[in-house]
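All chains, full assembly: derive it from the sequences and hints.
Protein chains in written order, with our numbering: chain L, 14 to 221; chain Y, -16 to 66.
Because the hints were derived from the structure by calculation, they are not lab data. Predicted model only: the values in this text are computed from it and were never measured. Treat the hints with care, as some may be off.
Chain L side only, calculated, beta carbon under 7 Å to chain Y, not exhaustive [what the hints assert, rightly or not]:
no.	residue
1	Gly27
2	His136
3	Ala159
4	Leu201
Beta carbons: idealized from backbone N, C-alpha and C, even for Gly.
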Amino acid sequence: MSGEAQLIDALRKGDEEAFRELVREYQPSLVRIARIYVPTQAAAEDVAAETWLGVLKGLDRFEGRSSLRTWIFRILTNIAKTRAVRDGRTLPFSAMQEPGRVPEAAVDADRFLDPEHPRWPGHWAVKPEAWPEDALLAAETRERLAEAIEALPATQRAVISLRDIEGWSSEEVRNALDLSETNQRVLLHRARSKVRAALESYLQEDTA
Amino acid sequence: MTVYAEQLSCQELVELVTDYLEGALSEEETVRFESHIGRCDGCQAYLEQIRQTVALSGRLSAGVLSPEAERALLDAFRDWRSS
Ligand SMILES: [Zn+2]
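In structure tokens, the structure reads:
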């Protein structure tokens, strides 16, 4: 029996420890993804709790045709979407499916020389400087980083959180969020670019 | 021999960083990207900052479940088990 089949077997037999482990592993990701659809952290936690009830209810019918993870996230997105519709919220699908339609620069244009510059077109006008290692590792820098991620649009926040905080592969993120390869990359690019810019402005103000 | 028909500007390069790190550039684009990085300390610093941003994100805690929330879920589990 695979590890996953064993886990499902344990859950069906009512093994509380197995359930506790599962909840600890998935809850942060569930809440993050729920946040794409609902406006507050509290509402996202409600959606996650409701998801676990759905998981328990469906456990006996789960046939293992998809992975447990995929199945759990499908339950979550169904609940979150239903709730968003009930609350009269617009689903973020248009933004999810076509993030490239509205262009966004990774770095402000004024950091570069004019594209028509005779000698150095599009070259850095103000070059990035190496970040001081000790400041980078400071707890306050991590707080700024967390704030910058929190300030992102929901879809970008979900992608960077799953990829870079939780270490999911791009394929896992694409499946959970139903994104194309290109769109996943565009969202990740925008998110990382903005977070880098936020860190840069913080670390520079620190050394200036 | 590879022909560097068009060299990348720094402004173009920063838009390709994620594609580069994701392995989504063609072989030719990868050569153009790396040859620019090799002779531009500004872009080298930029790429390093993106890598540091990713690494630092990985050190953020993934978020923890509050004891109350965990207790509520375990209660739900016991209800389910006894039903
Ligand atoms: Zn450059």
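With a cut-off of 7 Å on the beta carbons, see whether L:His136 makes it to chain Y. holds, 5 Å
Minimum beta-carbon distance criterion (7 Å), L:Leu201 to chain Y: holds, 6 Å
Grab the minimum C-beta distance from L:Ala159 to chain Y and call the hint holds if it beats 7 Å, violated otherwise. holds, 6 Å
Measuring from the C-beta of L:Gly27 to each C-beta in chain Y, is the shortest one below 7 Å? holds, 4 Å
Checked against the numbered hints given earlier, this structure breaks none of them.
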